[in-house]
Amino acid sequence: MLMRAGLLTAVLLAIAGMSAPAQTSLTGLVVDTDGGAAVAGASARLVDAAGKIKRFANTKADGVFRLPVPAGSDSMTVQVAKMGYAVAEFPVSGLNLSDTLRVTLHTQAIQLREVGVRASRIRENGDTVTYSVGQFARKQDTSIGDVMNRMPGIEVDDGGKVKYQGADINKFYVEGTDLAGGKYGTITKGLAADNVKSVEVLENYQPMQVLRGLSFSDRAAINLRLKKKSRAKVMLSGSAGGGWGDNTGGLYGGDIFMMTVKGGVQNITKAELNNRGRSLGGMSGFYGSEGGERLDAYTSIGAIGGSGNSRFGRSASVSTSTLWKNSRGGEWRVQADYAYNHLWADRSNTTTYYLENGNRVILENRHGESRGHTGSVSANYELNEKRYYLANTLTANLSWSDTHLDITGTLPNSQRLTTPDHEIVNRLKLIRRFGERHIVTFNSVNQWLLRPEHLYVAVDGGESHADDRRYGSDVRQQAFFTDERASYGFIIGRAVVTAEAGVSGFMRHLDTDIWGNPGIDVPDASNDMGTDYFRLYARPKVEINLRRISFNFSVPVSYYHYWFGGALANRNEVFVSPRLTGQWKPDSRHTVNFSASANRSPAGLHNILCHDVLGDYRTFNAGADDYYSSRGQSVSAGWNWRNPRRGWFADAGLSQSWNQSRQGMAQTVVGDYVINSYMAQPSSSESTQLYFNISNSIDCIGATVRLRASAARGSGTMFSQGEKVDRSYTDFSLVPSLDMRFLPWLNGDYSFSFSRNMMHLSGMSRTHIDAYVHDFSLTATPGRWRFTVSGSHSRDQVEPHRYVNRLDLNGRVAFRFNKRVEFILNASNLLDKREYVLRSFNGLTSSESVSYLRGRELIFSIRISR
Amino acid sequence: MLLTAAMAIGMSGAAPREHQTATLEVTYRYEHALPQVDTIKYRSDEMLLQVAPDESRYFSIKTEFYDSLKASPGGSELINNMVMDALNKSGGIKTDSDGKILSITVNKDAMADVPRRGELVNVYKYPALNSMTVYYGVSGPDDILYTWDMPVDEIVWEPGDSTTYVLGYECQNAVADYHGRRWVAWYAPDIPASDGPWQLCGLPGLILSAESEGGEYRFTATAVNECKRQIKDMPGNHEIEKCDRKDFRRLEADVTANPGKGYGVVATNAAKIYHDLIETDYK
Numbered sequence: 001m002l003m004r005a006g007l008l009t010a011v012l013l014a015i016a017g018m019s020a021p022a023q024t025s026l027t028g029l030v031v032d033t034d035g036g037a038a039v040a041g042a043s044a045r046l047v048d049a050a051g052k053i054k055r056f057a058n059t060k061a062d063g064v065f066r067l068p069v070p071a072g073s074d075s076m077t078v079q080v081a082k083m084g085y086a087v088a089e090f091p092v093s094g095l096n097l098s099d100t101l102r103v104t105l106h107t108q109a110i111q112l113r114e115v116g117v118r119a120s121r122i123r124e125n126g127d128t129v130t131y132s133v134g135q136f137a138r139k140q141d142t143s144i145g146d147v148m149n150r151m152p153g154i155e156v157d158d159g160g161k162v163k164y165q166g167a168d169i170n171k172f173y174v175e176g177t178d179l180a181g182g183k184y185g186t187i188t189k190g191l192a193a194d195n196v197k198s199v200e201v202l203e204n205y206q207p208m209q210v211l212r213g214l215s216f217s218d219r220a221a222i223n224l225r226l227k228k229k230s231r232a233k234v235m236l237s238g239s240a241g242g243g244w245g246d247n248t249g250g251l252y253g254g255d256i257f258m259m260t261v262k263g264g265v266q267n268i269t270k271a272e273l274n275n276r277g278r279s280l281g282g283m284s285g286f287y288g289s290e291g292g293e294r295l296d297a298y299t300s301i302g303a304i305g306g307s308g309n310s311r312f313g314r315s316a317s318v319s320t321s322t323l324w325k326n327s328r329g330g331e332w333r334v335q336a337d338y339a340y341n342h343l344w345a346d347r348s349n350t351t352t353y354y355l356e357n358g359n360r361v362i363l364e365n366r367h368g369e370s371r372g373h374t375g376s377v378s379a380n381y382e383l384n385e386k387r388y389y390l391a392n393t394l395t396a397n398l399s400w401s402d403t404h405l406d407i408t409g410t411l412p413n414s415q416r417l418t419t420p421d422h423e424i425v426n427r428l429k430l431i432r433r434f435g436e437r438h439i440v441t442f443n444s445v446n447q448w449l450l451r452p453e454h455l456y457v458a459v460d461g462g463e464s465h466a467d468d469r470r471y472g473s474d475v476r477q478q479a480f481f482t483d484e485r486a487s488y489g490f491i492i493g494r495a496v497v498t499a500e501a502g503v504s505g506f507m508r509h510l511d512t513d514i515w516g517n518p519g520i521d522v523p524d525a526s527n528d529m530g531t532d533y534f535r536l537y538a539r540p541k542v543e544i545n546l547r548r549i550s551f552n553f554s555v556p557v558s559y560y561h562y563w564f565g566g567a568l569a570n571r572n573e574v575f576v577s578p579r580l581t582g583q584w585k586p587d588s589r590h591t592v593n594f595s596a597s598a599n600r601s602p603a604g605l606h607n608i609l610c611h612d613v614l615g616d617y618r619t620f621n622a623g624a625d626d627y628y629s630s631r632g633q634s635v636s637a638g639w640n641w642r643n644p645r646r647g648w649f650a651d652a653g654l655s656q657s658w659n660q661s662r663q664g665m666a667q668t669v670v671g672d673y674v675i676n677s678y679m680a681q682p683s684s685s686e687s688t689q690l691y692f693n694i695s696n697s698i699d700c701i702g703a704t705v706r707l708r709a710s711a712a713r714g715s716g717t718m719f720s721q722g723e724k725v726d727r728s729y730t731d732f733s734l735v736p737s738l739d740m741r742f743l744p745w746l747n748g749d750y751s752f753s754f755s756r757n758m759m760h761l762s763g764m765s766r767t768h769i770d771a772y773v774h775d776f777s778l779t780a781t782p783g784r785w786r787f788t789v790s791g792s793h794s795r796d797q798v799e800p801h802r803y804v805n806r807l808d809l810n811g812r813v814a815f816r817f818n819k820r821v822e823f824i825l826n827a828s829n830l831l832d833k834r835e836y837v838l839r840s841f842n843g844l845t846s847s848e849s850v851s852y853l854r855g856r857e858l859i860f861s862i863r864i865s866r
Numbered sequence: 001m002l003l004t005a006a007m008a009i010g011m012s013g014a015a016p017r018e019h020q021t022a023t024l025e026v027t028y029r030y031e032h033a034l035p036q037v038d039t040i041k042y043r044s045d046e047m048l049l050q051v052a053p054d055e056s057r058y059f060s061i062k063t064e065f066y067d068s069l070k071a072s073p074g075g076s077e078l079i080n081n082m083v084m085d086a087l088n089k090s091g092g093i094k095t096d097s098d099g100k101i102l103s104i105t106v107n108k109d110a111m112a113d114v115p116r117r118g119e120l121v122n123v124y125k126y127p128a129l130n131s132m133t134v135y136y137g138v139s140g141p142d143d144i145l146y147t148w149d150m151p152v153d154e155i156v157w158e159p160g161d162s163t164t165y166v167l168g169y170e171c172q173n174a175v176a177d178y179h180g181r182r183w184v185a186w187y188a189p190d191i192p193a194s195d196g197p198w199q200l201c202g203l204p205g206l207i208l209s210a211e212s213e214g215g216e217y218r219f220t221a222t223a224v225n226e227c228k229r230q231i232k233d234m235p236g237n238h239e240i241e242k243c244d245r246k247d248f249r250r251l252e253a254d255v256t257a258n259p260g261k262g263y264g265v266v267a268t269n270a271a272k273i274y275h276d277l278i279e280t281d282y283k
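Residue numbers (this note's numbering), protein chains in the order written: chain A, 1 to 866; chain B, 1 to 283.
So that you can see chain A by itself, here it is in the shape it has in the complex (with noise of 0.2 angstroms):
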């Protein structure tokens, strides 16, 4: 009986073990290592090997504390810790859980970092990255825009676009407002950096608060925040200058730029003038626009050439930006841009084509001449709330573009092309959101496009004038585009469900007419015929946002009836684009983006054409002969890494397309005429692009370093003379730089860059061009004067194995008179260099251009800021 009374007792102490919970509690007992008193407060806590705490408790009164064990601790560490004392470590492996683990504090002196004391240029909470522009700014930066280039992670290109780890950004932000609509670059390039205390950088940003929490966004916003005496006042500051140039004569430029932010009205406007062949203005949005079609032209007769010192010309602009904020939250924008100019530019030009029966060359010197007028007005209401949306956006884009273009060579010609170029758009998108579960989104787009094309070229015959020819081509397109459709998206746990249907219509008319002699048989001069498309199309989405991990996948159907007025017989067309997307962020620091898309695309309605058009005064476009629909199918993955609080900042992307067609482009040249057209012949490309970039900011020494490198390669198929031609490229390039504070006085830039894009073509040998550029400044700021020296060494490569070489050198001497007044005196291209030579592949051609450049120049100027 005691027998069975004892197998049954541990029988039951068994089973009591089988069932005891897997956690256990460390009971402990902190005190104070001196005279022993408990110590309240402490903190114990379980640490795993990352560092990271897992489970903590607290001491009472008594300096006892109970900190929980779960099975499977035996790698973790225990730590007890106190401000004032030195912290207790104690591995778990080598603890007695069931005893009280007595802890002794050791008295310590606290150590804090110097945060509150000095803050680091970039710092980080979350999701927001704020740069202190203070500690980014130099002396001689005249605008916001150029602090924002020397940080890392952040890119400011010319026309004041800004991009973040690689990517645009979505919104631009002063004080929280969104001033300037897409337009940001006003404020890049004339807010004056010391109005701007930090530059934020808010990542993932979702701009509709109403799909906050629902649609992830791989994109950053921008805000700028002001400081105090900034945001009180009206922000004004100008400049006017003139001076002389050895082959311009007299000079003059100027510009003013206001800015204002508080209260209920805030506006941006500048205004700005020069004749030193720096076109101003046709500033588009920044921000991609949802939804619209576009007129492409048919007759170019190419840019009048030239940029930055090798053009002239005048050039004025102005622009306004005004936002009132009603009591209901809602804001009103309204803007208006002007811009004019007036730019002509010298070039020599050698073209060469490459063709199996020997190449054929074709030479130009060029003076080209333009006068534009481009002008843009918009008025927007936003109203966004977070169960609201409402954004409706009227603009009318209205340009005048006429250009001369006198050419004298193997074809001497002069040829005058008039572009007019109108559309008046209207966009609204409305999102609501009813209780927790579901959104409704309403899209509507109407827009109307007018683009009339008028080509005239003169033909020079010879001393006779028997063979002069005058002849040209009228082009007339007008266009009228609707879409409107609607989502309903509703919330099951983590993952949004949208479906989406609209309709769209588009209705062209096309009119083209060559007259006169072009100097080769035309068979029938002109088109007179409608393009219309009639669409259907549902796109069911799904995403889902996981706590580290987003998908996005949508299956875009489209059902298009085309009607060609008679150009081809009316058609029925089916498109299905599957795509996915994703983002994952396995920690704080690292975010990886993915993409795969498969579409057909539909036949771009610009090339289907009756008969010939003029290109230009001697190349003609048949277009394509049949609706020619093509396949295109790629895959993506981006990656980004930062930790601000060490200034490093990288991105890094890989993507992979291809595309087939059932047509394929064909250029055949006749004498000194080249015919562009589309064959029914299946054609196919494919193209990798690949990209890295990392910056990194040394705070000790007040640098900025940076690397960004890119490759790209691809291959594909082209008609040269009726034969398939094979075609494969390869493109390098790798741009280190430097900006660095040497003395408090004393700081400089430096970058090197070096491209070689590579082709090849069946049946031909291989053909390389290199170049290498190096940029660099040195700016030394002793009292109240300024000193720059600037300036560019190039390097490219004409001919195999020959170069040349350029050197620009710039100079600029500026004296601050007082906190608002600055004298400068700048000198630009010292060694009064007059040419430029560039060399470049394009398809099936390769041409060799001498730019004819501006000499010195002197210019004095004064700027006023408040």
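Some hints here could point you the wrong way.
To be verified - Heads up, simulated DSS-like pairs for lysine-lysine below, C-alpha to C-alpha not over 25 angstroms straight-line:
id, chain 1, residue 1, chain 2, residue 2
1, B, K41, A, K197
2, A, K171, B, K41
3, A, K227, B, K41
Stated by the list, open to error - Take a look, some chain A residues computed to stay more than 12 angstroms from chain B by CB distance:
id, residue
4, V47
5, L95
6, G358
7, T688
8, R713
To be verified - Not close to chain B: a few residues of chain A, all C-beta gaps over 10 angstroms, as computed:
id, residue
9, N570
10, R579
11, P644
12, R708
13, L746
14, I862
It should be emphasised that the hints constitute simulated quantities derived from the structure, not laboratory data.
Glycine is no exception: its CB is placed at the ideal position from the N, C-alpha and C atoms.
Given chain A's structure and the hints, the job is docking chain B onto it.
The following block gives chain B in isolation, referenced to the frame of chain A:
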């Protein structure tokens, strides 16, 4: 006599007590959504947390300065003179030919440098006693602070796995449901003070950032400094009234919907409130 003594303690000033010397001072930016605006528009104030070994105090720097100035000899008069000067300079006071005031317009920019109160809150924590004493005021003509005591260990935190950096300190996250709101806090294990802004505490590191779900209330540390400063009583001669926490929140909700009530102005309809109080469990 006992009743008189008790009333005296209740009616004027807080009970004096011995305070410790703070060795750590943390400045926070406190932001809360304006209750009568349906989007999130923040009002902010700068708050200070003083941490001593077994005591801490949390208060508004602006309110502390204003109350200290007002309590000092001639302080009230000085404040009034500063207000009048600012109004005069901005042209906010219009008088007739006899000097009689016809109208007063308050210009925000002119008043920017005039001392005024910020948040009306003081929190004293005594972790060794598992107790905290909270003082709160509401806007109105009466200078009354309402007070109650609470245990320190009422907040139960769930530790998270994420890390981020605040002020250069690596922080880990934790989540807790507290008095009707869900709070996400980021605390720095490298600063082993089990404390934080307002009533938040109890984590194995100083809380440097905390936000309520939805973003209506948030605290962000802007500086952490060593110091050697005596923790003090609240300055000024406030009337102190002991009450229940939830009763106070009901009073506060009423004043928020009817801001003029304390001044005898009763609106026909209470204002629509889009963002609730920092504690919502009073309903």
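To test your reading of the hints: which numbers does this structure violate? 4, 11
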